[in-house]
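> Make a model of the complete structure from these sequences and hints.
Protein chains in written order, with the numbering used here: chain L, 50 to 389; chain C, 50 to 389; chain H, 50 to 389; chain V, 50 to 389.
There may be inaccurate statements among the hints.
Which copy is meant is left open, because identical chains are indistinguishable; a pair holds if it fits in one copy or across any two.
Claimed, not checked - Derived DSS-like pairs (lysine-lysine); straight-line CA-CA distance at most 25 angstroms:
#1 329 <-> 279
#2 276 <-> 193
#3 276 <-> 183
#4 132 <-> 329
Calculated from the structure, these hints are not laboratory results.
4 protein chains.
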Amino acid sequence: MSVRIGVVGLNYWGPNLARNFDRLASCELAYCCDLDESVLDRHRASFPLSTFTTRLDDLLEDDTLDAVVIATPVPTHANLACKVLEAGKHVFVEKPLALTTADAVRVENLARERGLIAMVDHLLVYHPGLAAVKGMIDRGELGKDTYYLYGNRQNLGIVRADENALWSLGPHDISVMLWLVGERPSEVSATGESYLQPGVEDVVFGRIKFPSGIIGHLHLSWLDPHKMRKMTVIGSERMVVFDDMETERKVTVYDKGPIPRTETYGEYIQVRSGDIHIPKIPATEPLRLVCERFVSAVADRAPTPSDGAAGAVVVEVLEAMSESLADSGRPVTLSTGVSA
Amino acid sequence: MSVRIGVVGLNYWGPNLARNFDRLASCELAYCCDLDESVLDRHRASFPLSTFTTRLDDLLEDDTLDAVVIATPVPTHANLACKVLEAGKHVFVEKPLALTTADAVRVENLARERGLIAMVDHLLVYHPGLAAVKGMIDRGELGKDTYYLYGNRQNLGIVRADENALWSLGPHDISVMLWLVGERPSEVSATGESYLQPGVEDVVFGRIKFPSGIIGHLHLSWLDPHKMRKMTVIGSERMVVFDDMETERKVTVYDKGPIPRTETYGEYIQVRSGDIHIPKIPATEPLRLVCERFVSAVADRAPTPSDGAAGAVVVEVLEAMSESLADSGRPVTLSTGVSA
Amino acid sequence: MSVRIGVVGLNYWGPNLARNFDRLASCELAYCCDLDESVLDRHRASFPLSTFTTRLDDLLEDDTLDAVVIATPVPTHANLACKVLEAGKHVFVEKPLALTTADAVRVENLARERGLIAMVDHLLVYHPGLAAVKGMIDRGELGKDTYYLYGNRQNLGIVRADENALWSLGPHDISVMLWLVGERPSEVSATGESYLQPGVEDVVFGRIKFPSGIIGHLHLSWLDPHKMRKMTVIGSERMVVFDDMETERKVTVYDKGPIPRTETYGEYIQVRSGDIHIPKIPATEPLRLVCERFVSAVADRAPTPSDGAAGAVVVEVLEAMSESLADSGRPVTLSTGVSA
Amino acid sequence: MSVRIGVVGLNYWGPNLARNFDRLASCELAYCCDLDESVLDRHRASFPLSTFTTRLDDLLEDDTLDAVVIATPVPTHANLACKVLEAGKHVFVEKPLALTTADAVRVENLARERGLIAMVDHLLVYHPGLAAVKGMIDRGELGKDTYYLYGNRQNLGIVRADENALWSLGPHDISVMLWLVGERPSEVSATGESYLQPGVEDVVFGRIKFPSGIIGHLHLSWLDPHKMRKMTVIGSERMVVFDDMETERKVTVYDKGPIPRTETYGEYIQVRSGDIHIPKIPATEPLRLVCERFVSAVADRAPTPSDGAAGAVVVEVLEAMSESLADSGRPVTLSTGVSA
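Spelled out as structure tokens, the structure:
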């Protein structure tokens, strides 16, 4: 039986989500909803079988609708998600889940109480390349210890007046790091600069400290003409680099091996590079995979790696980094909170 | 007339300096000096015309000797440099110049008072690739504004028990950043972790703030099996990457251009990538160039970009970053000091 | 006014052509035609406004239809193209235009006599990257002379029992070479081997000699797991490489410069590498561009670089190379024929 | 006991050989010989312990001299090598061994008769990266069958008036191919063009056919500003690329796997790329390794992969390719000769 879905917000990322849900055999794109008639008009031809409406209530009041996808501006995410859940429907929310931890936790709690799926579009945690990285970490292939990881998300993109590089680019790397490490962060900090528009950071360096001692480092920028989309994880035996700008070499694994050496003054531990391995990664689009996962979660209620709880911790990190950003990079301790 | 030089300390980097000075037509390698006879014995065959000695005084007392090269362990740099200057000879000191700003300033002042050359082996500021980068910045080819720059110095190298990644790797990138920006930094901070040996940071992230608003960011690590030696400078019109691991593509210039764009919600400034240009860079070794420069400075007393004053600011930054490192990354303000 | 088009043959490449013509504002996909009902059924949902039929005559008899696209198996190309032209309609033919020069010339002559457009899908001659290469050659930017060019088309693809690597992969590089050089070839040769299936060459090396002395060299293979799609042109002053496997660096230009040098025995001419330049190339899909060009040619009758005459010379080269292939690489002279 | 060696010919490559032999602990560089006093003078300082002479007889008459290295112009190789062997000394000859097969065979026969080592400086067969490739082939890791291999040796180098690209660049790739395949070639052909100097081919394409059906293809050029030094071997299961321009990635192995597939018209065999593996290769210089091997062969008379017989087959291939080059690429059959 097909899952019936409606998409709300068709101005920016929404049409991509609509198209992907529409293509899934197990899913029916029942509604396209946007406040702006002219935005709806742009997409009518693409989805001839869907109902187009400016009223969210048309969706909420339809008892045959299973789930709603929220792709509206970020400040509206949490309230719309709550409305959807209160109407007894599952919800898929564009990232970030909310602008405040309190709001994110509200969505998460509501989903848990009602026994409904709330899933955030952290699509990179569904990327086949990062799945390979996660598998290596979990099987201990990077070595007994994971030392640190760092993400590079740099390019010349769309610079928004109302969202800085941290909130715009950060959710990707933060969600990936939390998922790869599998721990709740204990402390974060961030510094940044606003070169193009006063008060809107266009380059941000962030740091996430995990209880085990693992560090995650972020480099986010809208100023670099050489596009980078990378996540590097360094363990005691191997390093793995995920590079989303590569077409055929998304994942590269570097071996190493410690070589003790003695020198005249001081003790040395020499380590050298070894073999390099580039596994074949399936080329499936992460956006397709995240949509499939939502549809199957609605059907079988299986947990997902980007559920409301995961989305709420990402918002917590973003909020704490913003606090640090405003205070010259002072470290901000995260609550041990019941939320995650 | 040939400049007569003696090299002190032949255990680690000294032989490379000795070899390079020995090859210069305008220079005579008069002495090789080390406290350890067995170290001297290893190099006698390579420099058959030089006098080998364990006594520094043999060099200092030789009135025909023009200059002394100090390649001994770091803690001895400042004292030995002062001894050399007090003996009326020019001095070339391996990096870093000293362990404390006070010591570095002492060397610098002594050289100034005596009218002698004190030069630090910040060899990257003599690299033809970085000279091309500096030229682009100075001619305004990166645009009206330089936004920020970042250095990556990561590899599996020799891990020392007595020197962390900041002091071991940092002098390279710090000296390059100070030279490229041409300003005295106003504030620095650093965070780091010690994975291999307690108390010795093997991965360090640093930040240098310049009065003009330019930010320099450092990523130093001994843990990464994929060797990186990069410096990236981002200006308002272009980005330039210096990559010392490339053999034929040391310098890459990326064009960009702002494209105004209007969207439904919010104002956007879109910027896109443009042409890429890879200028031909002469393949001359920086080590040879820094040695040539010292010999010519001794001959003509022309100022160098890595004189005592430059070396002292590098030590100031290292010292302030160490303070920040010990205090969870708290920013440390640099004095406006008379020293530089 | 919209150009009305029908696509014949939907089993392999046809659907891609149908989709691209369907998307063009100036074009209406009036018919989808295939002998096999089940093939038609696979595509009905994608083109809801088109008429689906197994009868080619439905298209030929429709006076409102402007043009027909032939994407059927290669042996049928020429006959179907002639039928279309005889019905007074323009024709777009998948590559190669025919299996024999005689057949190709028949299509070309018919189109000329009737004043109709016959265009072959040599889509690479519409590639923005190769347009940049062609521009450089035509403006003399590679130097006074073009020396030689070579194409690499290697990968693990679909190995067909009924078509060797020459006929399957060759039309791309041959059409590009003829277009870039702008001369009728005087002589060709080819050697090849059949490793996977007796009698079907899966690796072929070919050579095209042009009257000006320029040589084109082909390396075609189905056996190489590292996919290559490259065309390199070497001129007296510069070399340009078109690499279709690159996403952001499709075209790379290498400067050089002669440096006279005298040595003890013999005369030397030393030449060295210079700057490298990577121009920004628009990312438009060549398939979209070739379809646009056909539609506009139908509308304005402007000549195209892959007209029937161009398509016929490609077939002539393929036929002569086949002859050479069967005779251990013996060079085969091409007629100076009136056909091109 | 040390092997005593003399080097003859110090104008071009000889000094590199002299330096490498001089550095070996097991070898003593007893003589440096050249007809030109001024050439000798350039090198006296580098080898203070060697005897410098313009008389070859000084070497041949010295009963304590074990071996002679011939680095003179190519036309003199064979005669000088015979003189050395007739004087009862081992000989190491710069490549190619001779200008004609007859001369090469003369050297080879003389060495065999006298029980002396004759070794040719085909230094690539001692390259650690190609040793890894050879190991993979011999252990069957590229699959049951080796299909074909191809070499690229392209750059802007020294263009000689008296030697074309085939004779100057070809010995490297030909010696490697013969050694990798381990068969005597049955047929060769070559085509080429002379762009810079009439009658001296500066770009050559060659083809070597082996009895087992393996094909070797050569692309030799002095015209390409992008330097290439590559050897690619394609087997039924894997492809391996040796790229000597890479510093850390000399050898790359590409996996593949056949996937049967059925389509509507025709039978298909689809094959796709798999994992990529880049083994760590020791960084030892091949020139050092070839010198070590000669010295140890002199000491223990162990056979080498570049002995006189191997050197003679390389000359046979060069000679036959020259014949083909002069005859528009007509295939030339190689004798089954007793010589190898």
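> From the Cα coordinates, with 25 angstroms as the cut-off, is the pair residue 329 and residue 279 best called within, between, both, or neither?
both (17 angstroms within a copy, 23 angstroms between copies)
> Between residue 276 and residue 193, at a C-alpha cutoff of 25 angstroms, which is it: within one copy, between copies, both, or neither?
Close across copies (22 angstroms), not inside one copy (33 angstroms); limit 25 angstroms.
> I want to check one pair: residue 276 and residue 183. Are their C-alpha atoms no more than 25 angstroms apart within a copy, between two copies, both, or neither?
both (24 angstroms within a copy, 23 angstroms between copies)
> Between residue 132 and residue 329, at a C-alpha cutoff of 25 angstroms, which is it: within one copy, between copies, both, or neither?
neither (43 angstroms within a copy, 47 angstroms between copies)
Consistency with the previously given hints fails for number 4 only.
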